[in-house]
Each structure stands twice: as structure tokens, then as C-alpha cells.
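Chains as they are written, first to last, in UniProt numbering: chain A, 1 to 730; chain W, 1 to 730.
These are computed hints drawn from the structure, not numbers from a lab. Warning: the hint list may mix true and false statements.
One copy or two, either will do: identical chains are not told apart, so a pair holds if it fits within one copy or between any two.
Here are the computed lysine to aspartate or glutamate pairs in the EDC-like style, where the Cα-Cα straight-line distance is at most 16 Å [said to hold, decoys possible]:
hint: 1; residue 1: Lys-37; residue 2: Asp-626
hint: 2; residue 1: Lys-52; residue 2: Asp-64
hint: 3; residue 1: Lys-359; residue 2: Glu-370
hint: 4; residue 1: Lys-60; residue 2: Glu-639
hint: 5; residue 1: Lys-365; residue 2: Asp-402
hint: 6; residue 1: Lys-287; residue 2: Asp-562
hint: 7; residue 1: Lys-245; residue 2: Asp-40
hint: 8; residue 1: Lys-37; residue 2: Asp-714
Number of protein chains: 2
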Amino acid sequence: IDDYIEMNGNLMDFLDEPFPDVSTYEDFHTIDWLREKSRDTDRHRKITTKSKESYWELIKSLLDAWSGWVVMLLIGMLTGTLAGVIDLAVDWMTDLKEGVCLSAFYYSHEQCCWTSNETTFDDRDKCPQWQKWAELMTGHSEGAGAYVLNYFLYVLWALLFSFLAVSLVRVFAPYACGSGIPEIKTILSGFIIRGYLGKWTLLIKTVTLVLAVSSGLSLGKEGPLVHVACCCGNLFCSLFSKYSKNEGKRREVLSAAAAAGVSVAFGAPIGGVLFSLEEVSYYFPLKTLWRSFFAALVAAFTLRAINPFGNSRLVLFYVEYHTPWYMAELVPFILLGVFGGLWGTLFIRGNIAWCRRRKTTLLGKYPVLEVIVITGITAVLAFPNPYTRRSTSELISELFNDCGALESSQLCDYVNNPNMSRPVDDIPDRPAGPGVYSALWQLALALIFKIVITIFTFGMKIPSGLFIPSMAVGAIAGRIVGIAVEQMAYHHHDWIIFKNWCRPGADCVTPGLYAMVGAAACLGGVTRMTVSLVVIMFELTGGLEYIVPLMAAAVTSKWVADAFGKEGIYESHIQLNGYPYLDVRDEFTHRTLATDVMRPRRSEPPLAVLTQDSTTVEDVETLIKDTDYNGFPVVVSRESERLIGFVQRRELTVAIKTARQKQDGVVSSSVVYFTEDNPQVAEACDPQPLKLRRILNLSPFTVTDHTPMETVVDIFRKLGLRQCLVTRSG
Amino acid sequence: IDDYIEMNGNLMDFLDEPFPDVSTYEDFHTIDWLREKSRDTDRHRKITTKSKESYWELIKSLLDAWSGWVVMLLIGMLTGTLAGVIDLAVDWMTDLKEGVCLSAFYYSHEQCCWTSNETTFDDRDKCPQWQKWAELMTGHSEGAGAYVLNYFLYVLWALLFSFLAVSLVRVFAPYACGSGIPEIKTILSGFIIRGYLGKWTLLIKTVTLVLAVSSGLSLGKEGPLVHVACCCGNLFCSLFSKYSKNEGKRREVLSAAAAAGVSVAFGAPIGGVLFSLEEVSYYFPLKTLWRSFFAALVAAFTLRAINPFGNSRLVLFYVEYHTPWYMAELVPFILLGVFGGLWGTLFIRGNIAWCRRRKTTLLGKYPVLEVIVITGITAVLAFPNPYTRRSTSELISELFNDCGALESSQLCDYVNNPNMSRPVDDIPDRPAGPGVYSALWQLALALIFKIVITIFTFGMKIPSGLFIPSMAVGAIAGRIVGIAVEQMAYHHHDWIIFKNWCRPGADCVTPGLYAMVGAAACLGGVTRMTVSLVVIMFELTGGLEYIVPLMAAAVTSKWVADAFGKEGIYESHIQLNGYPYLDVRDEFTHRTLATDVMRPRRSEPPLAVLTQDSTTVEDVETLIKDTDYNGFPVVVSRESERLIGFVQRRELTVAIKTARQKQDGVVSSSVVYFTEDNPQVAEACDPQPLKLRRILNLSPFTVTDHTPMETVVDIFRKLGLRQCLVTRSG
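So that you can see chain A by itself, here it is in the shape it has in the complex:
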């Protein structure tokens, strides 16, 4: 009896706590946002009360309040550092496929020639310290033999890198593959995938990302960087109990980490925050906005301190244009938008079809082989074309660039008018030279190659982002259109459309701007980003001037792509993988009431419920065994069925197990009580009752059966519920 009273006393204590601390959710389950929030408020209240007791507690409460900022600082610093390291390593390893630096093997081509002191600007790419493999091994740098040898070694290195990448992923961290953004969206919406953001994933993803990008496959580092940043966020969450013990708070940190990831990926802190807000996050309170901004900035400045590109910019493809654009140019810009939308549709359909095939056929059984084959094809086809041989970001950078007077690339091989002086920034339109025409052919081939190979690459079992390949496709198309318009304007000054804005000898068309607009359009078509896309591009060009072309292309591309299918690539992959994700943007268009979707239907067995004072332990156990619901409503009695509360399956299981082990007299025939009053034990021979009110949620969320379904969906979305009970007259 003593024991019983003691236990009872304990129970009474528990009653003061509306939500007992049975916190952990099971893997692949969804969290209850309202409950997490409620728990955090409780915790906060406790700390505030305690802080008035002593100075030590006050300091502890201040530390607690500051921990959010500390976490952001740490995330920003680690993300920035990792991004810098990845950039440097990719740079080095990409060049390693072609040759090696004699003065120090760990220098990339550019760094190698930097340190060379005899280099003038024109010879920058041809310094003696940098030797191609053939030159190093045979001493000949020219000729068919050297070319074949270089070709062979290029392919070999690519195969080696990709093999290493896919093996590491398979052996150590299967979650490290793909871009990670679909999964992060799902996690942020409240789903639990254990280990997806773990330390191991972080390490392996960083290493394999470098390998995968260096192997020359048609993939980018931008998407995976978001995953890496989120892993950092999760890592630092575990340092503070405020975040590690509350799944809701943890997701706030992860949203901010995603912003930091995009910030370093594109060198666009504001764009990163908006990306996190628009594309990735589910629950984004204002406090998080401010902290995300902080994390994004810290990351950007850390990366700049590392200065991986040697230009004190955050990205390789930062540009500044000097010529304004003209109204008539909106026509090609909008055409580029249409192209972007079509590319988006083609890519999503093709990629999803291929991924489905991979899931269902034998193909999925040999991921390593698949990666090797695709790498082989990519490398073999990429080497002969100078525009696909180099890394994709360098390609984009060259395509974005305006042809200055000092530019020596093939794309800038215009016929110069010898009479003119050559100011640096204001070069009039000129006729294209032979270099430009051959570059156009190579670009067209590169475009087809990129379009096809990217569809097969994204989704393989290695880290792979699609921002960069998409942008490359758009940039190539844009540059081709840009040069076409430029030449048309040069040769046909007298056409009506050109007459007004393009006098002879003026600099009217900037092909680099077309490349940028095309890149934005293609990226928009694939991801369906809008505001964040334009802001990221705005941060790359740094001028309000070019926002209108970018917006026109982004809007057109979104509309065209939406006409063929509402979902972006990430939503499609979420659907393909069957994650439970409730999209905020989906409109619920059916006109049904809650009563139409509620279970059980008339023909099915009755609702699985518990009664407040007449179910026995055995009944409960049978119920748990027979059904797989996550929880059960508790009603007054079978007859009246008035709702009292809701009890979680997990907590019920734990409570009964504990009671059977620790509490005397609880046997299968014990009655389970959910009432507030102490049950009357009628006769001595009756088994001890089991009081479980402490695990009963007395404020379950209810709607009436006449509530329209769209309201119910809205409630689920906005409050982040796990379940909602449908009642009629209570």
C-alpha cells in the first residue's frame, strides 16, 4: 500500500506538467510542432523563474538566451570554411586531371602560374612550371601522341575520382548522395530521418563532393553545400540542450543553416535567406529571419577571408556590366525564359522517368557501375570540346563575362577596327571573327551534350547538385542568342528595331547579359524559384539595372514550366521517394468536408478508442498489437463516445511496460484509468488499477465533421499538427 501511495504521489506531481518529457519520436515519423513549441515555452518559463533565484542561474539563463547567436556564429564559420576548402580542393583536383605544378604539386594551374614571376598577362595560362601530363612524361607537349596521352589520363583521373566518390558514399554514408535538398525540405517540414544530418554524413559528403565535382561529371556543388551546411547546423545543435532536445527549435537552426549554405554557394547572403524562406523552410518565425541573415553573413565573410578564387569575390562568376539594356531586347530575354521553362520541363520529366526506371529495374542494383559508366561517357565526350573540358563554373564565368579589351578568349575574337583607340570598358559592337564562329559551334555541341548528360547524372549515388549544370545550359543558350542579336544589330543597323537604339559604332548588345538571363531562366524552370533567384542574380551583378531582364525571364520560365506541370524538381523527387510533405503552395481544390475523409467509413470496423475507466491492460495491449495507429482517442464510455483526450501509442506502450515491471499488482486484468479522481477499488481481490492520466493529452486538436477539408489542411499546415480528431457534437 505504501508503494502504491508513493507511486500515486508521483503521479500527482506529474499532473502539474502538462506534457511529460517523453520526447523522442521514432525514425521516419512526423513531429508535432504545437507540442514542441509548448515544450520550449515551458522550458523557457522554468529558466526565467529560476534566473530570479541566484546570480549563477541568471548567468545560465543569459547563456541560454545567447546560445542561438553562438550556434549561428559557429555554423556560419564552419560552413564558410568548408565551402572555401571545397573550392580550393576542387580547383586543384580539376586541374590535376590535365597536369601538375612542378613548383608545388598542391598548386592549381592558376596558383602555379601566379607564383611564376616571369608571367605577363597574356602568358598567364602558359607558365613553365605548369606541365601537362604528356609533357611531363614524354617531354613532348604537342602532337597526336601527347594529345592521346592527355586524353587517356584525363579519362582515367575522372574514373578514379568518381569511383572513389561512389565507393565512399556506399560504404560509409548512404545518405550523402544526391543534392539533399528534397530531403532537407522534408526534414524541415517536420519529418525525422535519423543520421541524415549526422557527423558521418557531413564528413563523407564534403570529401565525395570534391571528388564528384572534380571528376568532371555534369553536376554542381551548390545543392550539396546546403546539405553540408545543414549537417553543420545539426552538429552544433547537439552542443546546446535547447536545440538538441527540441525538434522544433532544431528546425529553426537548420533553416538558418540552409541560408548560410546558399550564401556561400552563390556569394549571395540576402538571396540565401530568401531561398531558405521561399524554397526550403516550412516554419520560419521572424526571429529566425534575423539569425539566418547573421549566419549567412558570417559564412560569406569567412569564405571571403579564405578567398578561394583569388579575386576577393565569393564566387567565380561575379560580373559587372557597363552597358544598359534596351526595351527591344526584352523579346530575346523572354524567348530565353521560354527556353528555360521548356528545359525545366524536359529535365524534370526525363530525370524523374530515369530515376523511376533506376528504382524499379536492375539498374538500381549496380550504382557503382552506373557512376563509372556515366563518368566514362562524360569524360570521353567532354575532353575534345574546350568548353566542356574545363570545370562548369569556369565555363559559366567565361560566358557571363563581357568582352573587355584585354580579354583573350576565343569568344572575344572580334574583328577590331584599327582606327579606334581601345578604352577598357566601352567597346563598340564589332563583327565577329573566325574564333567566335568556331566557338559558337563548340558551344552548340556543348549545349546538347550538357542537356542530355545532366538528365542521367542527377540522382546517381554521389553528391550532385543541379544548379550549376542548369545554369550552364542556360548560359550557353543565352550566349549564343546574345552573339546572334549582337551580330544582327551590327550588320543591320537600318532595320527598324535596331534603328532607335543602336547607332553604328555604339556598344548596344552585351552577350554576357544574355548568358546570365538564360542561366536564370533555366535555373528558374528547374527549381521554380522566383524572388530568391532574382535576388541571387542581383547580388551577382550588383546593379538594380539588370533586374528587369532577369525578372522577365524568371517569370516567363516559371509560367511556361508551370503550364506543363506544377512541381519543381525537388517536389518531384519528394514525391518519387514518397516522403510525407505537405506543400504550402498546393491549393486544395476539392470540395469535401472533414466527414468525407474521416475514418472509419461506414463499412469498416468501428473506431479504435479507449474508454476512460473500463479498459483493462489486456484490452489495451491487444489494441496496440492489432492496430498500427500512432495514438488513440479516449472517450467517456463506449455508449456516449464523448471525447476526453488523446493518448500517444508510444507513450502508452512505455507506460504499460514500466507499470508491469515496477508497479505491484498491475496484471493483465487491471483496469486502466484516465480519470482525475482516484478510482474506487471495490474489493480487495480486484487487481490494482493503473492510472495513466499523466500521459493523456487533455487538449487534443478537434474539428467538427462539417469543417471543409481545405480548412483542415490549412490547420495542419499552419499549426504543424500531427493529428486532428473529427467530432460531431463532442
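Dock chain W against the given chain A, drawing on the hints supplied.
The following block gives chain W in isolation, referenced to the frame of chain A:
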């Protein structure tokens, strides 16, 4: 009987519509967001169904889908145009206080001297066409007499402008006074204030804003521009039934309009969108984000096309700095942040105390006199000091500016080293000349003057924004600190703190940057903006470089100000005026359950409810007369009190009134039925029953009595409910 059946048939039709179209809310009431959303979904569904019927309907549905963009375009264009017109008019009228242009009276000082062809750069301010009043009237431009005459006319013009402004506001549109942002926040949160955003308010606010700013009072046009933009938004809403008939959709448009307003006020489209998101809006779906961005951009480009400042910039105080900042400078920046926080606290406390006094004492009875007196004091004190005589935006512009080689202002009167060549942008630190020292004294006086007068100015019965005065206070303080640091660094190169970053002959300190940081800090202290503040300032400087100083100051200022009181100036004014605003950011810290706050309490009379089939018309009418609740729950019967639904007071009144007029046999003793089945009319002599199921909301929002209050508050916030019923076991 026929009549009855017909009526009944009608009723059955109504049953299909879950929400009948009794839409209008009463003035000063709150809207029901969930219901508005539900109505919009219904409307959308109807259009989609119809669009399949004929081509005409399809076109109509497309037009409907496009109307959102059209509204945004129109808002952007009108807002941009109005902002441009206001800028031009203010410019002209501010100069009118000092003199007039002889070549054309409608030219401002600057425009007047532009058209003068003999002007060199140095004489820009002294062209012969521009004559001060004294010169024009007496022919003497120098001497004490001329000074006194100019002084007198300056004050006279100021009094005239402000008298006109306050009279127009009082006579035509009382809602046009103040900054409008507190009211717009309240309206966006779902409150209804009829006429606040009307055409009349738009017109009068635009005119009086020009007058008020020109009168030289310590107020700005930025806040009221947001109000003007929202009026434009409301105006264009009425063109489309989609927006005019749905209060929820209307608020989406208004949020976007607010973004457009800030966009033209500061020339910062992205900052405007974030301002709308962070500070003003309540319900901000992602679709609105994209449209706001569009509206903000259109507004910015319209304003730029008008080019009111002649510098193809959107604002007067756009700057570009050329010198980086150093780590050690963070100390003065943070000190400026502290100053900003203190100023925010002082201003909010002082202003609220003064406004309360105005409300409660005789002062409030004579608003015209108050405005005249304050204008008089301002003008008399402002004229002698050159820094307060000019318009505040010009002052800020000068304070922000870096001293280039060609700068001729007093603030740039440094002692030049004659040995040095003078490149335009890279001037080393120099000792301050006598001009700088006298400027410092004048600035210090201006600072004190601005601090005091702004507290009394904000809240008078004329349009008045506080962005510009706050920024001016911060900019003055910042510039003073900046010059002090600069001179210290120049004279004490050998101090440890300066040794590392400031060699002699280097340009280490930019006093203009200090002014900008100070402005951001003060603005942050008053409004408690964070992200949007930093982004707006970022768009003004156009470089990531200076974000860190701005962030440091903004964060410090917010923390310091928060330590003295959680509320920004807008929230304080909302509280002062007693608007029902549920702040998203307030944490609900009490630990109460719904049962603790629900009415009636035990000692009070029982809950006012209707029963589903036993209340008579007379009972209902008594209930409506005796209580002032907005609605009544409907229960099964007095005894069982199980909830059936909820009925709105307004709809109940209308329904009973209509029934009494139109339906035969409905008398005071008729029974009101809320049930689904047809009531059995027992005897022929019984009065006809009144069926009101169609106005019964069958899905009222309920929570159980054990729900924690913070959850209830959360539900109200996130779902925008109007009411929520508390039940126990149904």
C-alpha cells in the same frame, strides 16, 4: 402554404453553400481570416468549373488569374508617380521659403541654376536667376536688413504651409494625419477601419504631405508614403471583385503596396519587400512575396523614370564609399549603436507621454494651434543654423557623403597638403580646418534641436514620418563621432590602436560611413527593424563591404532599446490608440489554461447560448438586445449543452428581420430551428417555425478547456480566427 414551401425550397438551396454571402463586416471589427480564405477558394472553384463551359468563361477565368499582376503593376506605377511628384513638389516648395527662380517660378533652386548656362561648378548655388526674397524685394542681398527680411519670410512661408496642411487634414480627411504605419499594421492584421485607405485620404494625404515636409517641420515623407501606397492599393482593389469583395485577399494586396511604398521611399525594392514582411504584414503567403517584389520594382523604375533628383538615383542620399573599414572601428560603431538604442528609448517614452497628454488634456482640442506653434518654434530656431535650415534629406545626404576633392561644403574644409596631387577618390586623412570645427558646433546644436523638436512633432494632426528625423539625429551624431575618430587617428598615429591600420598619409577613416551607421542605429532604436533596416542600408551603399558595421550597430541598438522596453514606436502607438493587435513577436509567458480565461466565470450569469430547437424568436431578440457578443454558440439543449455550431450576431439579426418582413407566420413566439430535419408543426394554431440552419456555422473552432493558453494564442495568430469556443467533452 405554397409560400412556405417556396421559402423552404430556397432554404434548401442555401444549404449547399457552406458560407452564405453575408460578407461585410462592421466598422472597427475584426475579420475572420479562415472564413475569407474559404470564401476565396469557393470563388476560385466556381470559376474553374465555369471556365470549362465556354471560351468566354475561360477568358474570364484567365483575366481573373491575371488581375493580381495587373493590380500590382498599377499600384507600382501610381506609387512611383506619386512619390516622384511629391519629391519634386517638396523640392520646389522648400526652396520657395528662401527665394524664387526668375526664369520660371516653378523651378527649384537647383533646377533654376541648371538651366542657367553661365554656371561653373563652384557657382552652382549662386546663379543670377535665383533670387532670395530680400534681394528680389529690396535689391540688397547682403546686410542685416536683408537677413531679417529673409528670416521673417522663411517663418511666414513655413507657417502658411503648415496651416494649410493642418486645415486640409481637419476639414477633408482626418485619417490623413500621422505616419499611418500603426494603423496599417492593425488593418493588415485583420481590423476594419472604413475610409482609412479611401480615395479622399489618398488625395489629401499626398497634398498635405508636401505641405508638411516643405514647412520645415522635423518630419519625413517616408512613413506617410507607405500609407499613400496602401491607399493606392485599396483604390485598385475596388476595380476587381476578387479583391474588393474579400477582405483577406485585399490585405494581400495591401502588404504588397506597403512594400512598394518603402521601395520608393528609400529606393530599396528588396528592403521594401523585407520591411513589409518583417514589420508591417501579418499574413504573408509566398505568392504575395513574389508580387510584392514585382510591385516594388515597378514603383522603383517608375520613380527613376521621373528622376526627381536629377542624379538617376531613387533617393537623395545614395552613396558610394571607397575606403574599407577596420576592425578597431567596430568600437565606435557599437557606441553609435548604444546611442541609437538610447535615442530610441528616449524618443518612444517622450513621444508617448506627450501624445497621452495630448489625448487627455486641453491640448488635444486645439490641433491647428499646436501645429502653428510648433512650426513657428521650429522655423525660428532652424533658420539661423545652416544645417537645420535646409531640408532634412539634404542634410542627411551631405552627412553621408565622403569628402571628395571637389566637395565645397563646410564639412569638407580640411587643411590641404599643397605638395600632394589631388586624385578624386583617394584622399588621405588631413587635419580639420576651421570650417570643420565651426560645422561641428553647428551640428551639435542641430542635434539637440532635432532630438527635442522631433519628440513633440510626431503625432500632430498632419502627415508625419519619423524615419528621416531619426536618421538625421543618427547621422549628425555619427558624423561628429566620425570626425573625432578621424582627427584622433591623424594626430596620434603612434597610439597602439591606430598603429596597425592607419599609417600617416593613408585614408583610414570615412566620417560619412559613421553617419550612415549612426542613422541606421537610430532608426533601428525607434522602429526595432533588423533585417529590413540592414538591407535598406545595403541597397543605399550598394556594397557587401559595409554590412558588418551596419549590422553591429543595428543589433546593439535593438538590444539596448529592448532592455528599456520591448515595444517599438509603432507598437506603442497601436497600444496608445487601443487598436486590437495581436503581435506575432510577443511571447505569451503566462502559464494558464483555456479554462482559466474562459467566460463566464463561476460567479457570473450563465453562458448566452441558443438551443437548436427550443428558442423562440422573442428569446433570440432579447438575447441580442441584452448582450453585445458578436455571436452565440448553438447547443443541443439547455441540459446537455453539446455544441452544434455557432451563429454570428450580425447574420442572426439580418435573418430575423428579413423573416419577419417577408415570411408569413413568423411572429415573436415562432420557434427558431437550427436542425437539419424539417420541424414537425404539431398543431395548426402554432406559429410558423423559422429555420435558420443556413446561417449556422457548423464548423466553429473549438479547443478543450485543458488547452494551454499559449497554444490558444498561437492558434488565433496563425489561423487569424475571430472566435474560438472552449468545450469540455463536447
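Against the structure, the hints come out as follows:
no.	hint	in the structure
1	Lys-37 x Asp-626	neither (32 Å within a copy, 40 Å between copies)
2	Lys-52 x Asp-64	within (15 Å within a copy, 58 Å between copies)
3	Lys-359 x Glu-370	within (13 Å within a copy, 77 Å between copies)
4	Lys-60 x Glu-639	neither (53 Å within a copy, 53 Å between copies)
5	Lys-365 x Asp-402	neither (47 Å within a copy, 66 Å between copies)
6	Lys-287 x Asp-562	between (33 Å within a copy, 14 Å between copies)
7	Lys-245 x Asp-40	within (9 Å within a copy, 40 Å between copies)
8	Lys-37 x Asp-714	between (18 Å within a copy, 10 Å between copies)
The structure is inconsistent with the numbered hints 1, 4 and 5, although it conforms to all the rest.
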